[in-house]
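Go by the hints and put chain B onto chain A.
Chain by chain, the residues:
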Amino acid sequence: MLLAALLLLPFVTATLLLVARPEAQARLLAMASTLVTAVVVLLLWAGYAGSAVTVVDHDWVPAVGLRLVLGYDGIALLMLVLTGLIFPFIIGAGFKQQHDRPATVNALLLYAQSFLFGVFAAQNAFLFYIFYELALVPVFFLLLFWGGEQRRAVTMRFFIYTLLGGLSLLFGLAWCVLQTPAPYSADFTALHALRLGSEVQVWLFWALFLAFAIKLPIFPFHSWQPDTYTVAPLQGTMVLGGVMLKMGLYGILRFVMPIVPEGVVFWRDLVIGLSLAGALYAGAIAFRQRDLKRLVAWSSLSHVGLLCAGLFAWNSYGVSGALYQAFAHAVLLVGLLYMVGAIHARTGTHDLGAMGGLKLRTPRLAVLFLLVLVNAVALPLTQSFVGEWLMFNGLWQHNGWMAFAAACTIVLGAIYMLWAYQRVMLGPDSGGPAVADADRDDHLYLVPLIAISLFLGVYPGPVLDLLEAPVQLMLNTLTALN
Amino acid sequence: MSALILTSVLGVLLLYLGVFGNKRLLAPVAVLGLLGAIALMASGWYMDVPFFADMVRFDGTAAAFNMGLTGLTILLFLFGVDYYARMERDVAEHYALMVFSLVGAYLLTSYTNLLVLFLGIEVLSIPLYILAGGKKTSYRSGEASFKYFLLGSFATALFLMGIALVYGVSASFDLGRVQEVAEAQGSAPSPLFLLGLFFIAIGLSFKVAAVPFHFWSPDVYEGAPTLVTAFMATVVKMAAFAGFFRLVHLTGLPPALANTLLAMTVLTLFVGNIVALRQTNFKRLMAYSSVAHTGFLLLVVLGNSASGISTLFYYTLTYGLATVGLFVVMVLVKRAANGSEEVRSFRGLYQAKPWLAITALLLLLSLAGIPLTAGFVAKYQVFLLALQAGFLKTTVFAVAMALVGIYYYFVVVREAFTADEQPLDVQVTPLNGLVVLLCGIAVVALGVWPVVLP
Chain A
10 MLLAALLLLP FVTATLLLVA RPEAQARLLA MASTLVTAVV VLLLWAGYAG
60 SAVTVVDHDW VPAVGLRLVL GYDGIALLML VLTGLIFPFI IGAGFKQQHD
110 RPATVNALLL YAQSFLFGVF AAQNAFLFYI FYELALVPVF FLLLFWGGEQ
160 RRAVTMRFFI YTLLGGLSLL FGLAWCVLQT PAPYSADFTA LHALRLGSEV
210 QVWLFWALFL AFAIKLPIFP FHSWQPDTYT VAPLQGTMVL GGVMLKMGLY
260 GILRFVMPIV PEGVVFWRDL VIGLSLAGAL YAGAIAFRQR DLKRLVAWSS
310 LSHVGLLCAG LFAWNSYGVS GALYQAFAHA VLLVGLLYMV GAIHARTGTH
360 DLGAMGGLKL RTPRLAVLFL LVLVNAVALP LTQSFVGEWL MFNGLWQHNG
410 WMAFAAACTI VLGAIYMLWA YQRVMLGPDS GGPAVADADR DDHLYLVPLI
460 AISLFLGVYP GPVLDLLEAP VQLMLNTLTA LN
Chain B
613 MSALILTSVL GVLLLYLGVF GNKRLLAPVA VLGLLGAIAL MASGWYMDVP
663 FFADMVRFDG TAAAFNMGLT GLTILLFLFG VDYYARMERD VAEHYALMVF
713 SLVGAYLLTS YTNLLVLFLG IEVLSIPLYI LAGGKKTSYR SGEASFKYFL
763 LGSFATALFL MGIALVYGVS ASFDLGRVQE VAEAQGSAPS PLFLLGLFFI
813 AIGLSFKVAA VPFHFWSPDV YEGAPTLVTA FMATVVKMAA FAGFFRLVHL
863 TGLPPALANT LLAMTVLTLF VGNIVALRQT NFKRLMAYSS VAHTGFLLLV
913 VLGNSASGIS TLFYYTLTYG LATVGLFVVM VLVKRAANGS EEVRSFRGLY
963 QAKPWLAITA LLLLLSLAGI PLTAGFVAKY QVFLLALQAG FLKTTVFAVA
1013 MALVGIYYYF VVVREAFTAD EQPLDVQVTP LNGLVVLLCG IAVVALGVWP
1063 VVLP
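Chains as they are written, first to last, in the numbering used here: chain A, 10 to 491; chain B, 613 to 1066.
Isolated chain A (complex conformation) (with noise of 0.2 Å):
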């Protein structure tokens, strides 16, 4: 019951403002929308007994194996809370920006929403794929009616990028689908009772991964990212980084891991590799960027090089760590967007060259970006600590040289995040007007933001609660190969 709301309530808000346009109050009737949504996963995740849970289960089209099923593990319900929590940080951030039609913004936000809501529930591989790719349709208006300049070439470029994995997807889904005793099943439990050959997971790794790879990205199929992030509206690039990259995370848990795990024996050196190359690349670019937008755009990159890696490490440390990695990378990254705009608010621009000594005349919000800051450098007690001494030690007792190279990611992580910090708010004033200082409102934005990451960094528990059941079951297959 609790799901079905999740699943309806943002589509129903987002089509009655799409028909309504109240344009005035539409940020306000968005916020109440998300804002009960968080509650409603806060008490699923309450209510949570720490077994698998199916709520709906119906026949669709059973010809193609397509079922609704709707469900959720301690991963999905771990994945449903954080899209909850973000969502009115995003609708929220809208409330500074200087958006024509706002009903439609928040219209498709909340699309994407219930879509995103869809694809963490979905407990049938089709209705997984139905879901994956509708999500992709809000975002695709968002970049193309609200996005900078050359939106239109990005747009594309995006679009098919990810159109691209959507197909190598599906289609070795199908080839799945096909191996299921007739009658065929696409769900996901009877996909994960597969035991195919091992040649044949050599290759369908790929078939599956790829979708998942390009979503997140990692490299070399990054280079959509860096342009579409720089481009979107603050809103779409706060979707696309917060949530929609967890897709991907949470399509290898729910596919390529349990389906093909030979596959994932026999490529994961490889893919750790291409991970860490990515992370330590995309810190390097991050470094020389001048555009502070860019810069998150590629941290971000960098960032998610590292959970990749961790994820496919395997183990109980490295899976845990890239899952609550996700988690608190949601909740950076949104801090770090929404500081953007609050920067970009102040001084007329993204160019860092252009800034310095903000501190001096905005002193409240040179401690909020530091607090926020703290995080992405992974400061202990905060919750990217938690996440990446996770997956540190799962990528050790992988293989030490690994662990060394996401130790140099986290430590080149730290300089160019310090580095704009400076580059941004200390030194001389670059002179200017006078700006505002914090106000009520983006302390209300951003203190509850530090206050998740500071709390989950302090007590990660409840989070690691979730995870073990489920990261033990998707482990035990891999005892059973050996």
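These aren't lab readings, by the way, just hints derived from the structure by calculation. These numbers were taken from a predicted model, which means no experiment stands behind them. Certain hints may be false.
Said to hold, decoys possible - From the derived model, a few chain A residues whose C-beta atoms are all more than 12 Å from chain B: (1) G56; (2) E142; (3) T164; (4) G357; (5) K368; (6) M483.
Claimed, not checked - Residues on chain B that point at chain A, a partial pick, calculated with CB under 8 Å: (7) V1011; (8) I1018; (9) Y1019; (10) F1029.
Even glycine gets a Cβ: it sits at the ideal position worked out from N, Cα and C.
Just chain B now, kept in the frame of chain A:
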């Protein structure tokens, strides 16, 4: 059966209405007549009785296809009310010829005799040769008609030759007898029989515009009046594929023929999708997109499994609905853009008429195969069938080509949703709006509740 007679009589009736100059009655009579035909077919569902000395058999699938074909024609006629109100004075012939062509389509879906197949193709095609030249003062229309006629009659000659060769082996035109011969010969048929099947396949490939028999389609699509183009892209394709599948399903595919068809499929997918990328004219884009869809449908024919006919029906129907809707939108845009058929002229559509742009978006999403539209389920079924039949590499290729397809459909979407300096002054009559909305609702409804023929 009774529907076949009713429709033929309807064609004659429309001609007479034209003689007495009662232009305003034409569309209502035609639509009512076709609705009657649908009612007859629906009431005769599964009355699987042979007709005409067992040369025609209206079984369940034939009835389903016929209803689909009639439904698409009705949508086109509803659009025709406004379309022909602005055209030359003698429009009765246009309606009548389309109805006659529809009769040919009925025969194509229900034949059990090679002669009836030939008859069906000819009854389907000859009115189209005339219709393609419907804009009498336009060079392009004349060129379309002439080109279609020349190439079409050449293909028909080969087709007839094929039937004669098959007859030479089986000593009968009856499909049942041909099937027995095919089964007796197994996978190594006699050269004569094989050559016969080859020629028949060529004739049908021409009708469905499979590469390398597709050269007529862009020119004819561009030159013919848009309503006729839409008719060719939807009704003709649907009927020709039904006929194709019926034949292949009974005679089976000898390895040589299967390999040739496989090569044609790959070529069709490749040429259709890649050349579509370069098109700036919307009608030519739709022509190449139609070639591309032929490629996907050929995969179903090649797969040749029992559930193939259901997929074929669903795919052609959803493709037809989306295409009809888009052609109507295109005509409306063309009028607003001073007769320009360029994709570029879609720019500003969302500004002018948001609901029209959103419906066009749904139709394009369906053609591109994005989830929750019918086109997605259709494409997915095709991939499943092809994988079941063991075409692993071809399916991978088809998936890659589907991606290319998404690109050129989204170029149209991008144009429609990009604001223009000069607002597009789109005028929509209620009936045209109804047709577009019906198509839009149908592709979503069929996507959520796909039909599966028993």
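Hints, one by one, checked against the model:
1. G56: Nearest chain B Cβ is 30 Å from A:G56, so the label holds.
2. E142: Per Cβ check, A:E142 is inside 12 Å of chain B; nearest 5 Å; violated.
3. T164: 7 Å, violated
4. G357: Answer for A:G357: holds, closest chain B Cβ roughly 25 Å.
5. K368: 41 Å, holds
6. M483: 27 Å, holds
7. V1011: With a minimum Cβ separation of about 5 Å from chain A (threshold 8 Å), the hint on B:V1011 holds.
8. I1018: 5 Å, holds
9. Y1019: 6 Å, holds
10. F1029: Hint holds; B:F1029 Cβ to chain A Cβ min 6 Å, cut 8 Å.
Violated hints for the displayed structure, listed by number in ascending order: 2, 3.
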